[in-house]
Every structure is written in structure tokens, then in C-alpha cells.
Amino acid sequence: MAQKDYYEILGVSRDADQSEIKKAYRKLAKKYHPDMNQDGEDTSDKFKEISEAYEILSDPDKRSRYDQYGHSGINENDFNFDDFARGGFGGLDDLFNMFGFGGGGSRRQSGPKRGADLQYRMEISFEEAAFGGKKEIRLPREEECNHCQGSGAEPGSDVKTCPDCHGQGQVRTSKQTPFGQFTQSRVCPTCRGEGKIISEPCTKCNGSGKVRKQRKLTVNIPEGVDTGTRLRMAGEGQAGEKGGPSGDLYIIIDVQDHDIFDRKGDDLYCEVPISFVQAALGDKIKVPTLEGKVQFDIPEGTQPGTTFRLKNKGISHLNGYGRGDQYIKVKVIIPKDLDSQQKDLLTKFAEISGEEINPEHKGFLKKIKDALNV
Numbered sequence: 001m002a003q004k005d006y007y008e009i010l011g012v013s014r015d016a017d018q019s020e021i022k023k024a025y026r027k028l029a030k031k032y033h034p035d036m037n038q039d040g041e042d043t044s045d046k047f048k049e050i051s052e053a054y055e056i057l058s059d060p061d062k063r064s065r066y067d068q069y070g071h072s073g074i075n076e077n078d079f080n081f082d083d084f085a086r087g088g089f090g091g092l093d094d095l096f097n098m099f100g101f102g103g104g105g106s107r108r109q110s111g112p113k114r115g116a117d118l119q120y121r122m123e124i125s126f127e128e129a130a131f132g133g134k135k136e137i138r139l140p141r142e143e144e145c146n147h148c149q150g151s152g153a154e155p156g157s158d159v160k161t162c163p164d165c166h167g168q169g170q171v172r173t174s175k176q177t178p179f180g181q182f183t184q185s186r187v188c189p190t191c192r193g194e195g196k197i198i199s200e201p202c203t204k205c206n207g208s209g210k211v212r213k214q215r216k217l218t219v220n221i222p223e224g225v226d227t228g229t230r231l232r233m234a235g236e237g238q239a240g241e242k243g244g245p246s247g248d249l250y251i252i253i254d255v256q257d258h259d260i261f262d263r264k265g266d267d268l269y270c271e272v273p274i275s276f277v278q279a280a281l282g283d284k285i286k287v288p289t290l291e292g293k294v295q296f297d298i299p300e301g302t303q304p305g306t307t308f309r310l311k312n313k314g315i316s317h318l319n320g321y322g323r324g325d326q327y328i329k330v331k332v333i334i335p336k337d338l339d340s341q342q343k344d345l346l347t348k349f350a351e352i353s354g355e356e357i358n359p360e361h362k363g364f365l366k367k368i369k370d371a372l373n374v
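Just so you know, we're using full-length UniProt numbering here: the sequence shown kicks off at 1 and counts up by one.
If you are wondering where the hints come from, they were derived from the structure by calculation, not from laboratory data.
On a predicted model such as this, the values are computed, not experimentally measured, just so you know.
Some hints here could point you the wrong way.
With a straight-line cut-off of 20 Å between C-alpha atoms, the simulated SDA-like cross-links for lysine to any residue are [as the list claims (entries may be wrong)]:
#1 Lys293 <-> Glu128
#2 Lys242 <-> Gln168
#3 Lys311 <-> Ile260
Per label pair, the in silico range of CB-to-CB distance [claimed, not checked]:
#4 Lys329 <-> Ala116: 46 to 56 Å
#5 Arg232 <-> Phe308: 34 to 44 Å
#6 Gln214 <-> Arg14: 25 to 35 Å
#7 Ala116 <-> Gly70: 22 to 32 Å
#8 Ser58 <-> Gly305: 21 to 31 Å
Glycine residues also receive a C-beta, built at the ideal position from the N, C-alpha and C atoms.
Using the sequences plus the hints, can you model the full thing?
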């Protein structure tokens, strides 16, 4: 039985951003969560399907593998439904928040927070994609403020415990719902979940604990990348909060076109012109490859449009072994301007071949073109 497309399950396009994916998931989770369904219908399988799609598409690394390889690029360790049952993505805490039953669950307590991931689109040459290499980029990002060590407070200034949440960063509220009375924790509005109140914000970062800087990074480009390939640089995203780790940086590859080669997967295609004499008699010619020109034998009697294969002359397989192939399509060139001697020789050739030439009605050159379908 064919597996359903994750994008179709959530009802989003393949180029949907994270906010669209999250919005679609929340809408479907409201409808199909087993604990919230009032129709008596068993929706656990449907909810599991929705949660699985969200787990993959909300993670840039997993989504990249799914986009490139489909379900075969996803392994069983990429998804665990138990996480959803425990509240990781589809638990009641999130659903109560969706319906307005509280302003944030206990998972949003004050503490270390991982920084946001970043994306950077990098254009590279055809040769860099084929052979790999290194490329420097400059990236603006938020980093921990050295002046206040990320605290947001001016060094030496007074930092007080929040009087409303008593340093917890959360306050508890109760609300009557169709399901009974629920008590939920939400982020303290007074200290915004910090658990403390800063009397004098840091003069360098204005109390945010982070400053924006230009960072120079060296990106390692593996052989075989293509337009749309995502490269992950761990820890090179936005700075975390309260001692939390930095997010990751995802490099999106954009490969420039080549003057000679067209790429399809890891195979290369090019067109090589030869004369009609070379096509008829055969010849040794030089053909372009990624490593330079190589000699190739054109067999006699080669027809226009014939395609030859050069094995292992294509692009290296990404994160694997071996290379694709190169395909050479010959284009037979018919001369347009013949002198009298050339015409005489072709006329004699036609006579030997038993062809009837009538210059008043149809030139021999036109007959050759018709025969070659040029």
C-alpha cells in the first residue's frame, strides 16, 4: 500500500514555510486529537498520521531528506508517536492553548532556550557542485552580548525577583471549560517569563542579552550537490537564551547553469557538432568533459542525433560512491556554401550511388538534408 504524501496530509504546498506548516498542523490537531473529539469516532490513527507528517516537515533536516528521497529517506528513529502522547507536539497542553485554555504550558517555563535556526541561500558554480570545495560567506546573526554575558542587565546593576511569579517565570490560572475546570500555567506577563526584573538594562544590547554581528563562515561543499541541496552547519544559527545552545544554519544550494553541459540527476548531457563527411567516414574527435577534452571515436555511418555514452564521466554521487555518466549527442553539420569543385565531387558521388540529380528541381545538398532530416 502506497504511503501518503506528508504535504498532502497537512494540506500544504511543497514550498510552504514553517509558519504555514505549523498553522495547518494545529488546525488538524484540533479536529482529530482523540482527547478532544466529541463525535465518539476513533481518530487516533488519523491524529497519528497528522503528527507524523508534522514531525518530519517541521524539522529542516528531516524535511530535506524527505524532499530528496521521499519516505525512503526517513528511518524509524525519525519519528516516535510516544512523543506526541506525552505532549511533545500533540499533547493536551498545546491543544488547550489553541482553544484559549491558558497562555502557555509548563513546557514554556523560564530556563535555557535553544536559538532559532537560520537559512542562507548560496550560489555556486557548476564546477564547485561537481568537484566540491570551500566557500566563505558573511552572515548576520544574533550572538550573546559579551558586555552583560547574556543577562540583559547592565553589569553591577540591581536585578530583582519578580513579585508576581516569585522568580518562577510563570503564573497559574484556572478556567471553566466544556470539559470541566482546568488549571494551566502561563508565562508571567510582568517579567515575560524571565523570573526577574532588570532595573537597568544593558547599554550594549538594550536588555535583550544578544547583539547582532557579521560572522564569517567557511562552508564545506561536498561533491555532487545540486540546486535545492541543504547543508547543515550545527550551532551556527541564532544564539540561545539563558545559556541555551545556538540553533543550526542551513545552507540552501543554488547551482549556476553551464555553457556546455546540462545536468539530469548525476548524468551530464552535451551536444557535439561533426561534419557530414565525419559522420559518413568516421573520425577521431575531441569531446569536452568536466576534466577537460578527451578523444572519442566516431564510427562510420553515424546518423544525426545519435547519442553516445561516456561511462563515469558525470557528477559524483552525493554522500555515496561512484559517478554518473556523460551522454554525447552528435549534430551533423551540412555545409551551406559549396564551391564548384565541391559540387562536382558531390555530383560524381551521387552518380556513383545511382542517384538522379536535377538541379532545376532539387539540389543534391537539399536531398542530403532531407535524407538526414536536418
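Here is how each hint holds up against the structure:
no.	hint	result
1	Lys293 <-> Glu128	holds, 19 Å
2	Lys242 <-> Gln168	holds, 14 Å
3	Lys311 <-> Ile260	holds, 18 Å
4	Lys329 <-> Ala116: 46 to 56 Å	holds, 48 Å
5	Arg232 <-> Phe308: 34 to 44 Å	holds, 39 Å
6	Gln214 <-> Arg14: 25 to 35 Å	holds, 33 Å
7	Ala116 <-> Gly70: 22 to 32 Å	holds, 28 Å
8	Ser58 <-> Gly305: 21 to 31 Å	violated, 48 Å
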